[in-house]
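All chains should be modelled from the sequences, with the hints used to inform the complete structure.
Chains as they are written, first to last, in the numbering used here: chain A, -3 to 340; chain B, 72 to 566; chain C, 82 to 406.
Since the hints were derived computationally from the structure, they do not count as laboratory data.
As the structure is a prediction and not an experimental result, all values here were calculated from the model.
Here are the simulated DMTMM-like pairs of lysine to aspartate or glutamate, each with C-alpha atoms no more than 20 angstroms apart in a straight line:
| # | chain 1 | residue 1 | chain 2 | residue 2 |
| --- | --- | --- | --- | --- |
| 1 | C | Lys297 | B | Glu141 |
| 2 | B | Lys435 | A | Asp194 |
| 3 | A | Lys224 | B | Glu411 |
| 4 | C | Lys234 | A | Glu305 |
| 5 | A | Lys224 | B | Asp375 |
If you want the ones that stay clear, here's a sample from chain A, every Cβ over 10 angstroms from chain C, calculated:
| # | residue |
| --- | --- |
| 6 | Ile24 |
| 7 | Phe31 |
| 8 | Ser95 |
| 9 | Asn300 |
Backbone N, C-alpha and C fix where the C-beta goes; we use that ideal spot for every residue, glycine too.
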Amino acid sequence: MERTENKSLKIRVMLDKGRRLVMDYPIIFFVFVVFLFGILFVPYFTTSYNMKNLCLQLCDLLIIACGYTFIELNAGTDLSATSVLCVSSVLGGWIMALSPLAAYPVLATIAGIATMLLIGLLFGVINGFSVVRLKMPSFIVTMATMLVGQAFATWFAQVVFGKNSIGGLPQPFLVLGGSGKYFLVPVVISLVMFFLADFILRRTKLGRDIYCVGTNPNASYISGINVKRTVFIMFVLCGLFAAVEGIVLTARNMAAMSTLGSTMFLNIVSAVVVGGTSVSGGFGGVKQTLLGSVFIVILNNAMNLVGVEWQTIMLVQGLAILLATIIDFMLKRARYTTRRRLAE
Amino acid sequence: MSVLQLKDIKKSFFGVQVLHGISLELKEGEILGLVGENGAGKSTMMNIIGGVLQPDSGSMFLRGEEYHPESPQVATDNGISFIHQELSLFSNLTVAENIYIDGYPKGKLGMIDKKKMASTTEEYLKRYHIENVSPSTSIGQLPMGTRQMIEIIKALVKNSHILIFDEPTTSLSNREKELLFKTLNELREAGYSIIYISHILEDVLMLSNRIYVLRDGSIVADGPTEEWDRDRLIHEMVGRDIKQVYPTLEKTIENDVAFEVKDLCCADSVKDVNFSIRKGEILGMFGLMGAGRSEVARAIFGVDPIQGGSVVIKGKEYHKTTPDLCINNGMAFITENRREEGLMMPKPVNDNMAMVMDRNLVRKLGMIDRAKEAELNDKMIHAVSVKVTNPKTQTANSLSGGNQQKVVIGKWIVTKPEIFIVDEPTRGVDVGAKYEIYKLLLRLASEGAAILFISSEMEELMGISDRIVVMKDGHLVKSIDKPDFSSELIGSYAI
Amino acid sequence: MQKLNIFNGKVNLSRYGLYLVFAIIVLFFCFTNPNFLTYSNFMLILQQMAPFGVAAIGMIFVLILGGIDISVGRVMFISGVVVGEIMMHLPEGLYNSPWLFFIAYGVAILVGAVFGLINGVLVTKLNIFPFMATLVIGYIARGLGLTIAGLTKYDVRALGVISNSRIFGIPVAFLIFIVLAVIMNFVLRMTKFGKQTMAIGNNKSAAQQIGINVDKHIIIVYVLCSVFAAIGGLLSAGQISEVYTTFGENNEFQIISAAVIGGASMFGGKGNILPGAIIGVLLIQVVLNGLGMMNASVYIYSVVRGLIIFFAVAVDCINFKGELR
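Here's what the structure looks like:
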């Protein structure tokens, strides 16, 4: 009698663990499926050229998606993340290629990187301030900053460059893009950013606060958490991560572009939402975003190689986000329903 | 003449039986009083009558005919109006628009006949002596008492002959209450049937013709009002000898004042409140709903802004507070609404426990000392005896009310605060867990904590507190010492 | 405790402040360009504002409920694409007859209704935040539209008969807008549906308590919004004569700004069609028109649009007491 009881308890515990894994990382299954699909049915999928491509695309998406994860954890949105890319690109590019500093490559690189990070910070501060102090909804604020930023980048490029993009960036900077033997550099950068984001979320007080505020801001406030500061920092972090992304992409393209990232937004949201971070906040994290990024990158790549047009890819991604949101809703309902389980 | 009959109504939620076979009868031209503790099942029963919920079994009869309301609309169409505690009025619409919200008189082209609306409304306003209000006044500008009257008019205009009132006087002033009672009596004379649910026993005794007592989902007693008195009502409601429910503990109250409130003012709900609590003392705070008790607590802790007066914590005076400030000064606030303000329901117990303590566990680079966190979590779970097998994964949602409340308490006592504000700590908590919570509070006080214990249950206040202050209409009207505790005395100041 | 929604004088002042800013801007344009204050320019403004006005009507209803719909621009796009496709394949006879308009607008209304229905269901039955649901649906609408269209730019000149013509000098499009505005204003002010919309936006739980079918009501309003957007989209397409790849992109901002400037609040319970929709759309269109007269560079438009929506909503949010996200 006892042994069978033990066995059934063990099975229940295992099932419970499995259920929890799926609830926390529902995307794992789909990643496997799409990867398998790629290997079996998609031409050129497994070539080393393609694999390298996939790797780079993953790194690109991961950095900015990790930053966006902070925002999504509070059920907010940051439409201006893509504008950070183009604004930082053109301003950084100007500093490094056209300003008086251009003559000193190392100095220019440092100044350029600093400028670009500052741009990310600026967007983050404006967004954060408007949401926290002016109490505006994030989608309106970031809509506005996106518009203004995009327009500024285009204007700046036309007026200062005379065209949409310029090259001539200093060599030390281009290293960050991963050309030739520096292939691993962006990989390292993206891994660093990933671990940094994960560290913040799982090991620091700020991370704890982010999860609390995203789940129940009232209870968090009464428990002494500084809700306003936490939300503000979330936006700043998103801006900074976007700026790092801008650095890597500009270096990769070897040009400062005013159109940088204009089509990336859907990918970013897809990676975060499909990865499993809840759209209503409080649940998820960058591990999920990593899985989501892998999924989206492989999916895009496979569809491209098969010959699907970009419009249809957009449609498919939209549907994927929709599906993910529906699944998230069902999970949310499961979490919020009272269930007396193993304990009482 | 029997107007409404319930026969053996049963209802359960998530496998828990809430109504165990209710039978009752409502006659024409009478006021039926319904009393019971929190969680006895009053709201569930009324929601079934009002068509909001469906019974699992049993039947209802309206004037002898079978009655199965599938929705509130059906109930309304059958002449039953339910006036909830939270009024169903919309502040952005006018009086007339609210009254006709679910059925406007139609004029030409399907247009709303505004003239007819206005004239009928005017008529009713006059008949029930509601002054300074016209059909086009916006609800947002009216005081609570007047809004209550508008809700009643809403029911009358729809030709409802059965009115159910759920705790109607909690936000009313004395004068407004008098007017309400006068109206109810008039309605009774005119042949209307009223079910009056209230925890203010004096009102029920005064108004009703008959009284039903509900306890733990069953009608345990009923009879004409003449046969009832307060003590007998309480006895039936509570069902046990009161003295046995409350633990006792030897403790000394020191002379040091731990905490003081001076001339505290907050919006319209807290007016010049003064009191102090000494170390080791449990100060009970009683008052009807709307009297300002929770508002005092929220103002003290900085959840609502203090607009006048100050708070003195361990000797230091503050004119503005925030939760952060109070916590740093060794205070804790257990709110009355744990679902919305105390816990993160879908998160595991451990995460909830860690909410306040984490501020003290920050090491280098902002990292949390996870080992210490786990240790403290464990300690707390044992200290408050929360029944949970896996606190790392089990969500707060899956716990019973009593265990949830214990998690909230556990979350706060980790940082060893010396001043506690607890607001309705035993609401929605079963009897066994209630006892444990009382024991906890007494133990904290015996270790030197000063506790402000806010409750709407007079019995538990009298059982646990060393002193009781009574709030009424935002003022603190009386402080009563232990030897003088009596429900008549306390109640007389609160009403 | 019930929340008391007291009319706050402070908010009103800020809104008047916004109007003042607009008045100053308009005066500035009057002085810097002699052609600004002419009759023909005014008529042009009325014509250009009409599509946005129609869309704003629907948006105001959604805002009153406390929701939002940021898919409207893309719904304009896909309904334009579908109509364009159909127009391409219409037989000669039909194409040249007045039936064209019935078919075109009928199809647009249908497309709008479908997307509005999906939005409504996502928001009510799945409890997805309105901005998230409509954001995703917007992408899907755009993706779908682009997939159908491919590289085609639809020639919808024929629709210009309605969109560009004038009766007694007044643009027909504007008249259509006025007619729709009058009708919907009537619905909002004088019907049970309108009053219940205000009620739900003010206190959703009380509305449910009373027995109003809140979910159904919300779905109907989202359908209304998308349908009006689709109609506005066709009006606009007729004016521009073609449906191109970025048609309707970012129109949301203008429409939402117009609704908010006209008095609707992002938090629900407030809003009006007359004169709200007219004032809001008119003010924005006047500014954009003035910029055009000044030959402002293309970038300024985006910047101005961004600033307008930012300040319009900022003013509205001064008294917000809810969650920050």
